[in-house]
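> Residue strings, one per chain:
Number of protein chains: 2
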Amino acid sequence: MLTYSFENIGSESMYEYIYKCIKMDILQKKLKPDEKLPSKRVFAKNLGVSIITIENAYAQLAAEGYIYSLPKRGYFVSNLKKQTIHPAKEKPLADQRPKNEPAYYADFVRNSVAPDTFPFSVWTRLLREVTATENELSLLSDTSVGGVLKLRQAIAEHLYQFRGMSVDPEQIIVGAGTQYLYSVIIQLLGRNHLYAVENPGYTRLTKIYESNDVKCCHIPMDDSGVMADFLKSSEADILHITPSHHFPTGIVMPVSRRYELLSWAAKQSERYIIEDDYDCEFRLFGKPIPTLLSIDVMEKVIYINTFAKSLAPTFRISYMVLPKHLVGRFYQKLGFYSCTVSSFEQFTLARFIAEGYFEKHINRMRTYYRKQRDTILMAIRESSLNPYVTILEEDSGLHFLMKVNTDVADAKLISAAKSAGIRISCVSNYYHDEQACETHMIIINYSGLEPEKVETAIERLSKCIVDVILQGK
Amino acid sequence: MLTYSFENIGSESMYEYIYKCIKMDILQKKLKPDEKLPSKRVFAKNLGVSIITIENAYAQLAAEGYIYSLPKRGYFVSNLKKQTIHPAKEKPLADQRPKNEPAYYADFVRNSVAPDTFPFSVWTRLLREVTATENELSLLSDTSVGGVLKLRQAIAEHLYQFRGMSVDPEQIIVGAGTQYLYSVIIQLLGRNHLYAVENPGYTRLTKIYESNDVKCCHIPMDDSGVMADFLKSSEADILHITPSHHFPTGIVMPVSRRYELLSWAAKQSERYIIEDDYDCEFRLFGKPIPTLLSIDVMEKVIYINTFAKSLAPTFRISYMVLPKHLVGRFYQKLGFYSCTVSSFEQFTLARFIAEGYFEKHINRMRTYYRKQRDTILMAIRESSLNPYVTILEEDSGLHFLMKVNTDVADAKLISAAKSAGIRISCVSNYYHDEQACETHMIIINYSGLEPEKVETAIERLSKCIVDVILQGK
Chain A
6 MLTYSFENIG SESMYEYIYK CIKMDILQKK LKPDEKLPSK RVFAKNLGVS
56 IITIENAYAQ LAAEGYIYSL PKRGYFVSNL KKQTIHPAKE KPLADQRPKN
106 EPAYYADFVR NSVAPDTFPF SVWTRLLREV TATENELSLL SDTSVGGVLK
156 LRQAIAEHLY QFRGMSVDPE QIIVGAGTQY LYSVIIQLLG RNHLYAVENP
206 GYTRLTKIYE SNDVKCCHIP MDDSGVMADF LKSSEADILH ITPSHHFPTG
256 IVMPVSRRYE LLSWAAKQSE RYIIEDDYDC EFRLFGKPIP TLLSIDVMEK
306 VIYINTFAKS LAPTFRISYM VLPKHLVGRF YQKLGFYSCT VSSFEQFTLA
356 RFIAEGYFEK HINRMRTYYR KQRDTILMAI RESSLNPYVT ILEEDSGLHF
406 LMKVNTDVAD AKLISAAKSA GIRISCVSNY YHDEQACETH MIIINYSGLE
456 PEKVETAIER LSKCIVDVIL QGK
Chain B
6 MLTYSFENIG SESMYEYIYK CIKMDILQKK LKPDEKLPSK RVFAKNLGVS
56 IITIENAYAQ LAAEGYIYSL PKRGYFVSNL KKQTIHPAKE KPLADQRPKN
106 EPAYYADFVR NSVAPDTFPF SVWTRLLREV TATENELSLL SDTSVGGVLK
156 LRQAIAEHLY QFRGMSVDPE QIIVGAGTQY LYSVIIQLLG RNHLYAVENP
206 GYTRLTKIYE SNDVKCCHIP MDDSGVMADF LKSSEADILH ITPSHHFPTG
256 IVMPVSRRYE LLSWAAKQSE RYIIEDDYDC EFRLFGKPIP TLLSIDVMEK
306 VIYINTFAKS LAPTFRISYM VLPKHLVGRF YQKLGFYSCT VSSFEQFTLA
356 RFIAEGYFEK HINRMRTYYR KQRDTILMAI RESSLNPYVT ILEEDSGLHF
406 LMKVNTDVAD AKLISAAKSA GIRISCVSNY YHDEQACETH MIIINYSGLE
456 PEKVETAIER LSKCIVDVIL QGK
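Taken in order, these protein sequences are the chains called A and B. Each residue of the first sequence is one higher than the last, beginning at 6 in the numbering used here. Each residue of the second sequence is one higher than the last, beginning at 6 in the numbering used here.
Rather than coming from a laboratory, the hints here were simulated on the basis of the structure. Just to be clear, a hint being listed does not mean it is correct.
Identical chains blur together in the list; that is why a pair holds if it fits in one copy or across any two.
To be verified - Here are the computed lysine-lysine pairs in the DSSO-like style, where the Cα-Cα straight-line distance is at most 30 Å:
1) 338 - 212
2) 423 - 338
3) 34 - 237
4) 25 - 365
5) 50 - 25
6) 45 - 417
7) 338 - 220
8) 376 - 408
9) 34 - 272
Keep in mind that this is a model prediction, so the values were computed, not measured.
Generate the whole structure from the sequences, applying the supplied hints.
This is the structure:
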């Protein structure tokens, strides 16, 4: 009969202790495969514990596969047939995460927002209201793939008021970030198409398509955006563009080019245009340009936008507007998915928009960014850099271009800035092909820079760039 | 010279009105392509407005492509070359969204939680604390793809305390739901592998793989889980299983089978096992079984778990634990992505776990579910259905099986329940192949049923099932 001493039981429960003792005996082969264990009643009496305790220990062992039971015969030790496992080869864990970038004094590359601009208190108040007043069942269970209806209604109303777009809430699909929505579009339209992207353009976009095993081609641009002739001579079916404000060149696509692209799309049933309107809210002058979607009568445009830019990057809430005829296909093919954004944040954002806070926030931010841009432009104008640079595309979005009149390589400009603690990038960094034209255009993304740092940042940048230019002569 | 009357200007700004008038004239061909527009100064004087106003109107028109400027010559009307666009064929918008299911009195299929069980007030308090005390910069800008470090540390600590798993926070990747993480795994391991899933199993899982253009095969199960022989004779490289609590059968995979599968994985460098531990927290009896990951010394297991089950389905926060040697590959291949969960929720969840609320919640819910299960079991025992059914696998997870002693087709059982307002499904619904064995096993998923409905729900279910059985005789 098995007997265990309870001397070393410590803080464990009785059943847990017995379970461990038996397990150890099985693993150490003191108990042999198919050996019968004592009956619960006898064992309990022997150890002076309750039958329930033994029952629990046996049940746990049985659930984990160490013992098995035969009806009316009792419990037996399993044959573990433990396979020999060779230990994993030692692999160095070093170098696995990218090393931290050096701490820059100012970063003109990274997309971020000034930390004290987000209306925390309004947001948390609305969140409290949501938890207090929304139907808890829908807060806790509504995971419909398109998103919470209230949010989609608020977005539709916003698009109507702010962008003149007339869309049905049913056409709107909410998702955790545009990167996620791209993968949804790929699943919807199919991986067998060739996707065309802008060159230059967001290099991440190419990475996302490639990571999803989608072939993509790069269409060169002229002053109006992607060139339709190149597009037509490509095999592409899907065109992914940022017509409101191209990154990095800042180009706003004129209406004529928009019609030309829509005409291209209309020629084949499987052709679509993904209109990425990522920072349309921050056009600093005049009204935003009408979207492709609003002049599209052929249902060829998938419109996509994000709150990551307009609220804060960590709000992973984006949405897309599907053409009506794709809504059915979406629910048929992908309706089994759950929405990737928590209902709490969806309901809160719905209120934030519907109660006018979003518009207020956008207006405040537009003023903030306009001031930020003007301060930076002024600082450049007053710096030693001024005679060597031309400023371009400063009106829309959250970056502008600074063309440096020099023959010095872009890489040299960037590394000079780096050694002065300033992070910059150049338009040439965003070309797909290596033989990119070195145009010496520095991108000044000013959205995240703290206002009090502007003066010193531009001073440092000016000094090092001017030094490099003069050395290059 | 262009002249416009300001009679109808309404609430528009002056520049907006002039912009619209000129645009209309261009669209109506009153202004011809390449026609020169009056100089700003002359035009302003003529209309009696400021030069700035005209400047703004021209700039807006130029930005939208209606006019263009030539250096030192002025502004000219663009040639819009407006393409003829044929209106989209009328397509009926009906039938696009799935029709709403009839409103059931009780739903034993859907995964949800009882609405009043979630600790709202604690959650919102922690969220407030987060917004008040966390570094705002990291709240608004930290979008690193692995997730917020504090959350990953809290998860690692939780896994150690609760599951005896020793993992490094660096191995943890946070994402918006397990469905999303599956697609990340596919991108990480590659689309060209054959993925093996359990049969029966979650039908959604097959859909997700297929929607991502990944081939998958279905491995039959015995009482210990997927059968290793079938797996070995397949071409599969990746095995996706739910060893802690299989859905729908409820099987807990014994240790011997676990070792057998690990041994299979160890034989080829590209083989991996995805261990889906989706409801391990809700084992209602005893300690949870050790995970595959914790007995894996070959770095072959990707562990995946979610807070959708343990908090509420609308919390789209899941995570996976990568083997150490895959961490580097992950950051190299997919490091350009942003995390899909907002920092606000990540920081809040980190506190929720670190301050012990998660454990408390789990314990409370376990008690709640145990009571819920017992009430339902009692109701079945006391019902007219009792002589016809056997209850199986009631100890782990949030569902159990009810085997009906009948020859009546499963579809008939389901439709009988439906007409009584009760939604049920059967194990046979979760087989991949059509010739699934009709075992008359009803799945009772009790997680979302309101306690006060239990009695009536079981009464209705009993009555209709017994009727069908008796009719079938």
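> Does each hint hold? Answer for all of them.
Cross-check of the supplied hints:
no. : hint      : result
1   : 338 - 212 : both (25 Å within a copy, 9 Å between copies)
2   : 423 - 338 : between (48 Å within a copy, 26 Å between copies)
3   : 34 - 237  : between (74 Å within a copy, 29 Å between copies)
4   : 25 - 365  : between (63 Å within a copy, 26 Å between copies)
5   : 50 - 25   : within (19 Å within a copy, 96 Å between copies)
6   : 45 - 417  : neither (80 Å within a copy, 42 Å between copies)
7   : 338 - 220 : both (22 Å within a copy, 17 Å between copies)
8   : 376 - 408 : within (21 Å within a copy, 71 Å between copies)
9   : 34 - 272  : between (75 Å within a copy, 27 Å between copies)
In terms of the numbered hints stated before, the structure departs from hint 6 and from no other.
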